[in-house]
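Asker: Protein chains in written order, with my numbering: chain P, 1 to 420; chain B, 1 to 328; chain D, 1 to 535; chain E, 1 to 372.
These are calculated hints, taken from the structure and not from any lab test.
Among the hints, a few may not be true.
Capping the alpha-carbon separation at 27 Å, the derived lysine-lysine pairs in DSSO-like fashion look like this [stated by the list, open to error]:
| # | chain 1 | residue 1 | chain 2 | residue 2 |
| --- | --- | --- | --- | --- |
| 1 | D | K393 | E | K8 |
| 2 | B | K19 | B | K44 |
| 3 | P | K257 | D | K102 |
| 4 | B | K206 | P | K192 |
| 5 | E | K353 | D | K397 |
| 6 | P | K356 | E | K242 |
| 7 | B | K206 | B | K141 |
| 8 | D | K180 | D | K192 |
| 9 | E | K8 | P | K355 |
| 10 | E | K243 | P | K416 |
| 11 | P | K257 | P | K356 |
| 12 | D | K153 | P | K416 |
| 13 | B | K175 | B | K228 |
| 14 | B | K175 | P | K192 |
| 15 | D | K346 | E | K243 |
| 16 | D | K192 | D | K218 |
| 17 | E | K242 | P | K354 |
| 18 | E | K242 | D | K289 |
| 19 | D | K51 | P | K257 |
| 20 | B | K141 | P | K192 |
| 21 | E | K243 | P | K355 |
| 22 | E | K242 | D | K393 |
| 23 | D | K51 | P | K416 |
| 24 | D | K17 | E | K353 |
| 25 | D | K289 | P | K356 |
| 26 | D | K496 | D | K439 |
| 27 | P | K416 | D | K17 |
| 28 | P | K192 | B | K228 |
| 29 | P | K356 | E | K243 |
| 30 | D | K102 | P | K416 |
| 31 | D | K346 | E | K8 |
| 32 | D | K397 | E | K8 |
| 33 | P | K354 | E | K243 |
| 34 | P | K354 | D | K289 |
| 35 | D | K51 | E | K353 |
| 36 | P | K355 | D | K289 |
| 37 | B | K173 | P | K192 |
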Amino acid sequence: MSTGTVAKPSAAPKGTGRRKLTWPWILLIVAAGLVLFSLVRVVSGADDLTSVGQVSGALRLAVPIGLAGLGGLWAERAGVVNIGLEGMMILGTWFGAWAGYQWGPWVGVLFGLLGGALGGLLHAIITVTFNVNHIVSGVAINILAAGFTMYLSNFTFGEAEGGSSKQSPRIDPITDITIPGLSEWLADLQQKHWFLISDVAGILGGLVTNLSLLTVVAILLVPATWWVLWRTAFGLRLRSCGENPVAAESLGVNVYKYKYIAVTMSGALAGLGGAFLAIVATGIYQEGQTGGRGYIGLAAMIFGNWMPGGMALGAGLFGFTDSLKIRGGAENVHALLLLVAILLVLAAAWQLYKKKYVPAVIAAVFAVGFFLWYALTDQVPSQFVDAAPYITTLLVLALSAQRLRMPKADGLPYRKGQGK
Amino acid sequence: GKSSSEGGSASTSDSKATKAAIAYDIGGRGDQSFNDAAYAGLKKAEDELDVDGSEAEPSSGEGDADKVQRLTSLARAGNNPVIGVGFAYAPAIKKVAAQFPDTTFGIIDDTSVTGKNIANMVFNEEQGSYLAGVAAAKASKTGTVGFIGGVEVPLIKKFEAGFAQGVKDTNPKAKVLTQYLTQPPNFDGFAKPDLGKAAAEGQLDKGADVIYAAAGLAGSGSIEAASKAGKWAIGVDSDQYNQAGLAEYKDSILTSVTKDVSDSVYNLIKSVKDGKPQTGEVRYGLATDGVALADSNPKYKSMTDLIAAVDQAKKDIIDGKITVKTAP
Amino acid sequence: MELHGITKRFPGVVANKDIAITVRKGTVHALIGENGAGKSTLMKILYGMQKPDEGTIAIDGEQVTFASPGDAIARGIGMVHQHFMLADNLTVLENVVLGGEKLYGIGAKARRKIQEISDAYGLGVRPDVLVEDLGVADRQRVEILKVLYRGAKILILDEPTAVLVPQEVDALFDNLRELKAEGLTVIFISHKLGEVLKVADDITVIRRGTTVGTADPKTATTKQLAELMVGSELPSPETRESTVTDVAMLRVENLTLLEGGATGAPLTTAAPADPSSTTVVQEVAAGRKLLDDISLTIHKGEILGIAGVEGNGQTELIEALMGMASPDAGVITLDGEDISRVSVRKRREGGIGYIPEDRHRHGLLLEAPLWENRILGHVTEEPNSRRGILDPKAARKDTERIVREYDVRTPGIDVTAASLSGGNQQKLIVGREMSHNPKFLIAAHPTRGVDVGAQAQIWDAIRDARREGLAVLLISADLDELIGLSDTLRVMYRGKLVADADPATITPEELGSAMTGAASGHLEGTEQSEDGDAR
Amino acid sequence: MKKIDKDKLIIGAAGPVLALVSSFVLTMLVLLATGLDPIEPIRLMIENAEYADIQVLIVNQTGIFYLAALAVAIGFRMNLFNIGVDGQYRLAAMISAVVGASVELPGPLHILLIVVVAILTGAFWAGIAGILKTTRGVSEVVSTIMLNAIATSLIAWLILPANFGVQPEGSNDLTTGEIAESGWFPGIDMGQGNGEIYGFTFVALALGVVYWFVLNRTRFGFDLRATGESESAAQASGVDAKKMILTSMLISGGLAGLSGMPTLLGDTHTYSLSFPVGVGFTAITIALLGRNNPVGILFAALLFAFLEKASSNLDVAGYPKEITQIMQGIIVIAVVVSYELVRRYGTRRQQQKVGEELAAGGAIKTDKEVSA
Ligand SMILES: Nc1ncnc2c1ncn2[C@@H]1O[C@H](COP(=O)(O)OP(=O)(O)OP(=O)(O)O)[C@@H](O)[C@H]1O
Ligand SMILES: Nc1ncnc2c1ncn2[C@@H]1O[C@H](COP(=O)(O)OP(=O)(O)OP(=O)(O)O)[C@@H](O)[C@H]1O
Ligand SMILES: [Mg+2]
Ligand SMILES: [Mg+2]
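Given the sequences, and given the hints that come with them, work out the whole structure.
Answerer: So this is what it looks like as structure tokens:
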């Protein structure tokens, strides 16, 4: 190892019994969550919690994170840690905008993909061919991508009409689709603020209102990734490179090839996330536009246990809280306090049931704390509102039992013909 | 040892032409906001006063020491005045101004450092915002208006305070929704239109029908959202009705609270060139039109009731009948 | 199939030198030779995983060159590697179809095919379990299935029996005979000469990279083979006179460890992917007893051997004794002191020595120099440190002593542990552990994968220490070693000590039947103890 | 023996040389491709770095980077990825500034108090990630990313005038109030307005020595390195991995907390909205570039400080400053790739030697065998 620092996210405790989440269970959990949410909304009166606007906003904020996370997933499933997602996203924003303002948004999307893929390819060359520590390479790519795009902006956007050295001219928007009738009907229903029904209507409404075509593409990429990686021969080979490349090699799989494909694809997806930011979310390229979303995407992927569905859940959670806070945080986040209090009560009850008294008491104390905070105030200070997505993520991670399992050869160096 | 500006071409400062310099705040030139406004002032001075202008950009994550070095280097190169764009330059100017008594230093948005050769160019943003509040309260049908601040710093809170006061004084029952986009030192809130848009959408959903965004570039997202919803937006800093990038939404831009940074820079340079350098606090308020409410939108002009109320408020403020708070 | 003039050089080592072998179609051809003789390398060449520097390969008279295993597979060659080549986190099905997806897809058709093959050869493989949950023998079968699935005509088995008990070996051999009857050719590598004689049609011996001879299994004896392999007589692990005292050194009472207990909390890194490190837990259900009421006593000067198929709790027993896992019940007493709740470090300081079963995972810092490896595990003890401060000078000096006394072949003490061969790594570990005069030594597979010469040295070291009153817990898959070295024998099965035996009279086969759960209680010499209540 | 030394020397020198040459060439190519003079910017930077005031800036920045990079490196040495150094650094600077401004103590005590508070705050913030990891298995990568953002919010709240902040009359800045002069760390004035070298820079260097000593000469350091190299082996050797994770996280956080001290005690004497940020992220690169080695990190920190400070006049001369960031990226890649190439060569050499030794040791008599 060149630097002795393959840092890897935590591995699951050995021998934890895996209980697979089956569909009925998932649906049940989702339903329970919804009821809880609805309850909190009705009690707190924060009707924005599940409004159409809130959900569609959440989606818009979640997409770039989710695309970055998906990118991370491709790379890490093939055994390459990709902390360079941020850089690849930056390339996506820049290339996407550069092509987008000149030749239209869809060409921009294509170039965003290509720009990100370029970053991915570089990462592949450094980590796969030269076997350099993956984190070093990723960090270097982040610096390089940021520097490179800032530098190039001076020569491109800086001279373009309506642009500056820090931002691109405006890009034509991509068509938004709103399903006529349905959208309004759901919005109306949501406006009634009925228990549960309005919530479901709001969520569904958010998913069909002002939906950019690129958002649709991004959402479809999640099941598509799952299908490709878990249901095709190509995917099996790719995953085998992340689990045991030597075994794959011994069966005639060209490990280098799959790693190259995976990491390039990873970059392309992150680049698409960047292009989304520039073209759909903002309409222009701006320096520093990604604002660490690549890292958050990586976090979402770890959160989701290296699985597309879990990753999407992580990105969604983040987008949701992010949207909550930006759309009138003081009130919305205040309602979240109640939710947290209830969840903590449930956690305490569960620990009690499992006869783990100390954690139960701790959870209960926190529950009371949060409840008091909720009851005694009307608003959460805006500073804390800002932290809501991050605190939520931490809380969810800390409360959910950690059964994360990264691909076994993730981040480890591999050289052809040197396996034992 | 030598200092960076003693040697080299820079030290040949014997030419008669006035040299002026501005040192930018984070973001630098091209931010289409604060820094660009300062640049516009410099540019105007170059064009009209035959001044030799130079600019210097900060690097990200730098400290006071770097700013001291930058200002020193600019001053040594013979620039006069040297203008620090933004309050972050205050500690640096305090140090450097003492060393260069013959050079005038300008600082925008700060009066905490003072000196014979320091010009503190400050704006009564709260006064302009008060007028915006009056206009918003008058224009609102729902009685709910929104304020969006880019980053929650005292400077932007001045905007909030003035706006809220203006609204309440006009319509005591009106509700002001307030939303800040980010917390310092995360200055994304001045730069990310998507955040401004999301925040505006949230406020619109809560019934706001006039939205005032003091959020730099992010404000364009708020304007977009308000326009799409068929509601009013109020712009900031420059007259956003005439801004090319926002032409699509101009009809929805009720008015803008202008803050004439560009003129303040120009004025300082001119004063130095004229041999009567400004010093001490140079305040730009309603009285001098340093801050003002734009009236380019024909629809705005047609609201006579509203204009009357705004003009009355303006008069009251200038006369001192109304004092506008600077903190919410 | 014919191999001709194969030469393969690695940096500094000639692994194969002008090797020539002819394998007849439809036979089992055994390849024997000591550690590092070059057997695996030769087979990897035949399998396309490595390219020969010189030499030719001909199959059915036709000359071939393989650029990758893919080419070899296409020519009908299949290989079961010495170290398992399985991805733990994939299912059996996925592991089998990987690389051969074109044959039957990756779905239902493939599943049916696997079931078909499994039934045909009685492999009993379940396609949808995770490999992680399989025991070693099952993994072995998956490996064989992988090869059969691809329709291999030539089967290479590199030390397939190293981890199997005699009964499992017999089952494997039955399979091999069946395969042979179907016209398949098998190349079989083993260190166990008895097995070789049992199953092979031809034998080729390799020493130091070259073929040194062939033998006819019908006439040759193991002794002859051994001499051919090594060039001298084989050492035997016999202990000679007993040194057992009646002073109890280690006493374990009612030790119980439940699944999902305090073992390995979630930590910094995942263990390096090493499929050969088989901490196998068979079909673990939450709360299952990994160690079930274990009681044993080891006296000063006694070697207690534990026999058992891997994955029956030996690893957990070691972890519990070392303090790496905290047991759910039971008391461990070392030299009269209760150490049940004492940390690993304190136990080590208190005189427990540890030769781990997996030296790469538990015994060495592969990328660190030898002298730092000498410190590992004894960092708080003399001469490595004094009052919290390391003493590199003393440690280096002592490392040099160990290198000398234990004949560790190395150019110096500053090279990394990774650059030593397995046998030399093991000698270093033994030397290190012995240097702190342990009262009690845990020796897990102390000679696994180790050269015969080094094997003898390690045995000597253990015997010498035993004479001076060392108590030893010996765990080994090599039943000859176990029987030869131990003073007392116990058999472990599903976390329980189910049987005991007298090493003087017991045979490997009898031991093997107890290891598979077929016999229990006190195993009496030659008379079969089938009356023991089979659980 | 002499031969080995020569080998080592050549191999040791080959890496940096290869890296320097290739990054230089690549940077020139980028400049050429955009139609700029390829040499001039580099010449300008070198010239700029000859001035005393720039040198002071470089030295001071090196100290800051060095501390933060040590914080990152100590985590890396045991495979912990503390992305949260930036948050720890900011929070520690803020809290210690508050404490420092609110007390009056005699000189050394005052400084000591501030420093201790900074260490504790940084350690506390990193410790949250450590606790979450050891008790709940939350990946420190995720938790430190989150904690960075949470630190931002927490600071924004704490610095409100209603809480612990101060808004100086006439200023739009928020500060924590000025620390009395007894709490200023004396520096070395370089005269002629060239600025001061922060006294804390020397503390940073001393800590580099301590870092080396602790890691290489103490039991604790050995355990830490062992855990980083092989967690399983370390555990078997008696290291309590959980305790180790927590301890190193605390140390890392403490060092991160210290990295705000040069600026706070030597320059600003207050924490304000314009306190430098992003140090912790640059530090990750520096630690990786310096290969977590105290001397390597020093050079890497110096290099990065040079690139940042010496480029200050590039924009005035008409060259985009961003070129330095491109150079940073290229240098990191060039360095690690060339180190890897050299390492491969070196490993091959070493194995060759081991092989020769083996061949010499185990006398082979292959050819005299008989076949049965
Ligand atoms: N993947 C590899 N890359 C480089 N060198 C290797 C590799 N695998 C093995 N070696 C070299 O081969 C030598 C022996 O390796 P290995 O441990 O496989 O030996 P062995 O034949 O099993 O030895 P022993 O007989 O002692 O068990 C070592 O010197 C090692 O450096
Ligand atoms: N990848 C490699 N790189 C360098 N040397 C190697 C490599 N693989 C094997 N060797 C060397 O080749 C020699 C032969 O190794 P090989 O694995 O073929 O032995 P073997 O006969 O299979 O031994 P064992 O009985 O231990 O399996 C080893 O001593 C080792 O030094
Ligand atoms: Mg072998
Ligand atoms: Mg071996």
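Asker: So, for every hint listed, does it hold in this structure?
Answerer: Taking the hints in turn, this is what the structure says about them:
no. : hint            : result
1   : D:K393 / E:K8   : 21 Å, holds
2   : B:K19 / B:K44   : 14 Å, holds
3   : P:K257 / D:K102 : 18 Å, holds
4   : B:K206 / P:K192 : 14 Å, holds
5   : E:K353 / D:K397 : 22 Å, holds
6   : P:K356 / E:K242 : 20 Å, holds
7   : B:K206 / B:K141 : 13 Å, holds
8   : D:K180 / D:K192 : 21 Å, holds
9   : E:K8 / P:K355   : 60 Å, violated
10  : E:K243 / P:K416 : 37 Å, violated
11  : P:K257 / P:K356 : 49 Å, violated
12  : D:K153 / P:K416 : 26 Å, holds
13  : B:K175 / B:K228 : 22 Å, holds
14  : B:K175 / P:K192 : 22 Å, holds
15  : D:K346 / E:K243 : 15 Å, holds
16  : D:K192 / D:K218 : 16 Å, holds
17  : E:K242 / P:K354 : 24 Å, holds
18  : E:K242 / D:K289 : 25 Å, holds
19  : D:K51 / P:K257  : 20 Å, holds
20  : B:K141 / P:K192 : 22 Å, holds
21  : E:K243 / P:K355 : 25 Å, holds
22  : E:K242 / D:K393 : 30 Å, violated
23  : D:K51 / P:K416  : 12 Å, holds
24  : D:K17 / E:K353  : 20 Å, holds
25  : D:K289 / P:K356 : 21 Å, holds
26  : D:K496 / D:K439 : 25 Å, holds
27  : P:K416 / D:K17  : 23 Å, holds
28  : P:K192 / B:K228 : 23 Å, holds
29  : P:K356 / E:K243 : 22 Å, holds
30  : D:K102 / P:K416 : 23 Å, holds
31  : D:K346 / E:K8   : 39 Å, violated
32  : D:K397 / E:K8   : 22 Å, holds
33  : P:K354 / E:K243 : 26 Å, holds
34  : P:K354 / D:K289 : 19 Å, holds
35  : D:K51 / E:K353  : 23 Å, holds
36  : P:K355 / D:K289 : 20 Å, holds
37  : B:K173 / P:K192 : 25 Å, holds
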